[in-house]
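K.L.:
Mind docking chain U on chain P? Use the hints.
Protein chains: 2
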Amino acid sequence: MDIKNITEARRWSEEKMQKVGLYATAGMFCDVYCFEPGQFQKLHNHENADKVYVVLEGEGRFVVEDEEQVLTANETLGVAAPLRHGVFNDSNERLVVLVFLAGEYPKSLSQ
Amino acid sequence: MDIKNITEARRWSEEKMQKVGLYATAGMFCDVYCFEPGQFQKLHNHENADKVYVVLEGEGRFVVEDEEQVLTANETLGVAAPLRHGVFNDSNERLVVLVFLAGEYPKSLSQ
Numbered sequence: 008m009d010i011k012n013i014t015e016a017r018r019w020s021e022e023k024m025q026k027v028g029l030y031a032t033a034g035m036f037c038d039v040y041c042f043e044p045g046q047f048q049k050l051h052n053h054e055n056a057d058k059v060y061v062v063l064e065g066e067g068r069f070v071v072e073d074e075e076q077v078l079t080a081n082e083t084l085g086v087a088a089p090l091r092h093g094v095f096n097d098s099n100e101r102l103v104v105l106v107f108l109a110g111e112y113p114k115s116l117s118q
Numbered sequence: 008m009d010i011k012n013i014t015e016a017r018r019w020s021e022e023k024m025q026k027v028g029l030y031a032t033a034g035m036f037c038d039v040y041c042f043e044p045g046q047f048q049k050l051h052n053h054e055n056a057d058k059v060y061v062v063l064e065g066e067g068r069f070v071v072e073d074e075e076q077v078l079t080a081n082e083t084l085g086v087a088a089p090l091r092h093g094v095f096n097d098s099n100e101r102l103v104v105l106v107f108l109a110g111e112y113p114k115s116l117s118q
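Note that the protein sequences, when read in sequence, are chains P and U. Read in order, the letters of the first sequence are residues 8 to 118 in the numbering used here. Read in order, the letters of the second sequence are residues 8 to 118 in the numbering used here.
Simulated from the structure, these hints should not be mistaken for lab results. Be careful, since some hints might not be right.
In this list, chains with the same sequence are indistinguishable; a pair is considered to hold if it fits within one copy or across any two.
To be verified - When the alpha-carbon atoms are kept at most 25 angstroms apart in a straight line, the in silico SDA-like pairs for lysine to any residue are as follows:
(1) Lys49 - Asp9
(2) Lys26 - Thr79
(3) Lys26 - Ser98
(4) Lys49 - Arg17
(5) Lys49 - Met8
(6) Lys26 - Ala80
(7) Lys26 - Val106
Same shape as in the complex, but just chain P (with noise of 0.2 angstroms):
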């Protein structure tokens, strides 16, 4: 059985967020990205592929094209293909994200 623990898979670095890899198959990945304070995923996008992020621990300010909200421990936000997406750890904690990703598919799985 594929059994992981999440506590046990967070990794930080002072040189960046870090992604650690839980499950990936050719159409899905589902990772743990980990933010000290001050660390953030740039702003981008991915043209075929649906995300949903889960806040673990800490609290994030996450942005969708021209909105941002900042969510903390059991909020979740979906990221349509192609929207433009990112999360910035703005506080003095730690922040631990569960990430779904969906597809790179020739078709947005959100159409």
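P.N.:
Just chain U now, kept in the frame of chain P:
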């Protein structure tokens, strides 16, 4: 922005376990499954879709083919298509599981 709160989304029934949809596209869904003590998701499989379970609260007995293991909060299980799998709440507490499924494509994402 498509934001949800998992704590608020949880829903319970004495009848059977509840599936609460958070996000769904043509190629994936993200649900919250809510099990009262004794409730379960029976063994089943997906021909062409991969699943990730994330235990959020409580503990559940997860079965994949002829293996099983009890998982608690912050533990995850990946189930590649077309493996047979199910979830059983044998405990005396409520069980909450985040479920991400990507696929139902002609070809398994795991191949």
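K.L.:
Against each hint, give a clear statement of whether it holds in the structure.
P.N.:
Taking the hints in turn, this is what the structure says about them:
1. Lys49 - Asp9: Cα proximity of lysine 49 and aspartate 9: across copies only (19 angstroms, versus 31 angstroms in one copy).
2. Lys26 - Thr79: both (19 angstroms within a copy, 23 angstroms between copies)
3. Lys26 - Ser98: within (19 angstroms within a copy, 33 angstroms between copies)
4. Lys49 - Arg17: Cα proximity of lysine 49 and arginine 17: one copy only (20 angstroms, versus 32 angstroms across).
5. Lys49 - Met8: Result: close only across copies, 17 angstroms inter versus 34 angstroms intra.
6. Lys26 - Ala80: The answer is both: 18 angstroms in one copy and 20 angstroms across copies each meet 25 angstroms.
7. Lys26 - Val106: both (9 angstroms within a copy, 20 angstroms between copies)
Comparing the model with each earlier hint shows no violations; every hint is respected.
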